[in-house]
Amino acid sequence: MSKNFLRDTQYAILLLLILLSSATTVFAQDPTPTDDEVNRIAKELYCPVCESTPLDVCPTEACRQWRELIRSMLAEGKSEEEIKQYFVTQYGARVLSEPPNRWASYLVPVAAFLLGAFLLFRGFRLWLRPVTAESASPKDEAESVSQDDYVRQLEEELKKRK
Amino acid sequence: MIADFGFGVLLVAFLASLYSVIAALYGEFNKIPAMVESARRAMLLTWPLLTLAAGILVYLLVNDHYEVKFVYEVTSRAMPTYLKVTAWWGGQAGSLLFWSWLMSAFASLVTLRKWDRDREFLPWVIVVASVTLAFFIGMNLFFENPFRQFYQTFNNEIAAYTFQPANSILFTPADGQGLNPLLRHPGMIIHPPMLYLGFVSFVIPYAFAMAALITGRTDDRWIRLTRRWTLWAWLFLSAGLVLGGRWAYDVLGWGGYWGWDPVEIAAFMPWLTGTAFLHSVMIQEKRGMFKHWNMLLVILTYDLVIFGTFLTRSGVLSSVHAFAQSAIGPLFFAFIGITLITSVALIIYRWDLLKSETQMTSLLSREALFLLNNLLFMSILVVCFWGVIYPLISELFTGQKVTVGPPFYERATGPLWATLLLLMGIAPLSAWGHSTLKTLGRAIWIPAFGAVIVTAALFVTYTQNVFALVGFFLVALVILVTIYEYGRGAYARSRSQGENIFTAFWNLTGRNRRRYGGYIIHLSMMLMAIGILGIELFQVETQGTLAVGDSLQLSGYTVRYKEVASWDNPGAGVNHTRAVVEVYDKNGNLLGNLHPRKDYYYDTQQPMTIPGQLASLKDEVYVLLIDWEPITPVGTTFKIFVNPLVNWLWLGSLLFLVGVIIAAWPDKDPERVTVRDGKRVPQASAAD
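First to last, the sequence lines map onto chains U and A.
Once you know that position 64 of the first sequence is 64 in my numbering, the rest is easy, because the numbers rise by one and skip nothing.
Once you know that position 564 of the second sequence is 1564 in my numbering, the rest is easy, because the numbers rise by one and skip nothing.
Simulated from the structure, these hints should not be mistaken for laboratory data.
Owing to the predicted nature of the structure, the values given are computational and were not obtained by experimental measurement.
Just to be clear, a hint being listed does not mean it is correct.
Claimed, not checked - Here are the computed lysine-lysine pairs in the DSS-like style, where the Cα-Cα straight-line distance is at most 30 Å: (1) A:K1401 - U:K84; (2) U:K78 - A:K1586; (3) A:K1114 - U:K43; (4) U:K43 - U:K78.
Stated by the list, open to error - Where chain A lies over chain U, by a calculated footprint (3+ residues, C-beta under 8 Å): (5) 70 to 83; (6) 90 to 101.
Built from N, CA and C at the ideal position, the CB exists for glycine as well.
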């Protein structure tokens, strides 16, 4: 019940804001921002209601109002950062397309890649070491090359042609 | 009544799969072949049983039995019959049954093969497949029962129950809610079955891998037995992903095909490990190396398949609360956890048996490059997995809800994809066992030189974007290397066999299906990469409200608004609003009329935006009718995208199918192996 009440209040405030801001646009000096200008910012914001839907393509009524809100804020001369900040303050960091503390989100993948690369190259060194000693044996060398019979045959055929 | 019967059949199928697990284990431990045979037959029985259960569900769907909750949720009277059938996989309960049904079909197919040479695998393959099957049927039985019906109790409360509560009567709503309109597209008829086919067929290699680990027969027999299964599984999964992309492009109305949505990523992750496996398994076949790693990849693929199935429909990863409230969430995770731990424990148990038979001899050998390829695929997997679970982790530890959207994935995977392309260019030229910089350099300089020329030409005529030029250089390199390799083979064959070059080309592919199928797959990937580079780097868009006769300009095209009409289709319960726009090129030539439209479904009260598309190899004009401005006689709002090169993506997908079919086509005797000096040497024609 209290949740619904809270949400209703939020919508009411939002609607009021929209009305107020559209009222101010009437007196604003700037021409009405174009759809493209609105979409440029809306594209980088995520619908707070629908999952994984950028604001510029979300078909819900709420998102339509939010886009109009962006338009009015642009008309008021607010910058992209200010508009994004407004949405973050109102609806939380989830409206941004990336987590605010970006380094934390990249840390794990980068660390995993480095660890994988380290293990792999350490592995390469380990795997290669005993063979360098053995590779003096021509038999082993010949055998490893002959593994790819097909390539060998191919090379021979090509040599013959030359 | 019939719904109760359906539930009963499902219960029997569940018991049959449980019995087959117990009988197989009992037969194996007590050395009673008859019990194993009994287990096999019980497993064979699950498919007809699940077919019957599915048939009952489809009957209920088609015949408007809205007293069944699932039928009520996914169909409505206005829906055509074919959509009522496909609504089977339009909701979670039905999807799970669909999964089980496909799984039992595959498991039955496997048990029908000749087992003479692999008797010891049979009981364990049955155990793994039946445990998986029992888990999914159990989900249906106990948590997501598609046969639950509405009952009205004496205090007028209506709720869905599996069994009729005391003092209640069956309640039948007049009409159903109808299928989500987004799922009513033809793409949705084929996309989920393909994806699920891919999912379930990956269970088979896993079952064989486990059987190999348990029995200790850890040579590469299990790999040879499942190689084609894996390729077909990969084909289905890839086709499912591409069809999903095409569906998104045609239906979702945002001008793209891939949005890095958790559901998409869930289906993409097993593809990543599956692709890594397809490559690294060749190292084991050719060189007898990295057996532990291949086992691990199969296990990961299996568990990601389970994870993907669960994520696709549940949406539980949207928040911690959704996860906690979902009855099946914790169970799925428990199942994934148990199978993962058991499987890894088995690898550790059999560690010594899985030791490599040969040593790596060169950092530039084919096997070393394949390992690098695996590192890159696994890194992309980590990015995807981390991106999917990061919002949960953030909410859990900081209480802050966050979104991980496309910028994260694009930035994190971009360099990895580029390196993969580079590897794709180098690896076909390196030899198994031994390659040096000199041999590689000798082979690569001609294609590399060609790629530089192509890139220079693109720089002059098409783009100065550095990322695009790097991308196009790599694409050109891979294409030229592949053609060079193909040409070299065909030339050698045509000379040695006296065939003309086309016959040589044809026979070469026929005799080395896996190698040349693989090359065709590489080529198709490059066509897809051209499309992806085009749309990712050069997509432009504009939006505007037009009066009739007005036009919007974008990227040399003029889109002129001609008319709009709106009408009801009462039979289908849809309102269509369709605009007609003309598209002109920069010289003012009319290229054609497009009909972007918006369909509004009354039953679900949801709109669907269908773009008007003018496709060519150069680009695609993609026009959307937007209603975020009210559609009035004075103005209609359109959004226009120009998507350069995007159709190469779809062309590449078609070529991809050809490549995989060539690679996976059964040989006359795929398992023929000659033994030379006590070492396995695969036959070039069959196993190459």
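Can the restraint linking K1114 of chain A and K43 of chain U be considered satisfied, given a maximum Cα separation of 30 Å?
violated (56 Å)
Counting residues of the stretch 70 to 83 of chain U that have a beta-carbon nearer than 8 Å to any beta-carbon of chain A, does the count reach 3?
violated (count 0)
Taking 30 Å as the top limit, are the C-alpha atoms of K43 of chain U and K78 of chain U close enough?
holds (17 Å)
Sort out whether K84 of chain U lies within 30 Å of K1401 of chain A, counting only the CA atoms.
holds (16 Å)
Can you take a look at whether the stretch 90 to 101 of chain U is actually covered by chain A? Rule is 3+ residues, C-beta closer than 8 Å.
Contact hint for the stretch 90 to 101 of chain U vs chain A: holds, 9 residues under 8 Å.
Regarding the pair K78 of chain U and K1586 of chain A, is the alpha-carbon distance no greater than 30 Å?
Given pair K78 of chain U, K1586 of chain A is violated - Cα atoms ~36 Å apart, limit 30 Å.
Of the hints listed earlier, those the structure fails to meet are numbers 2, 3 and 5, in rising order.
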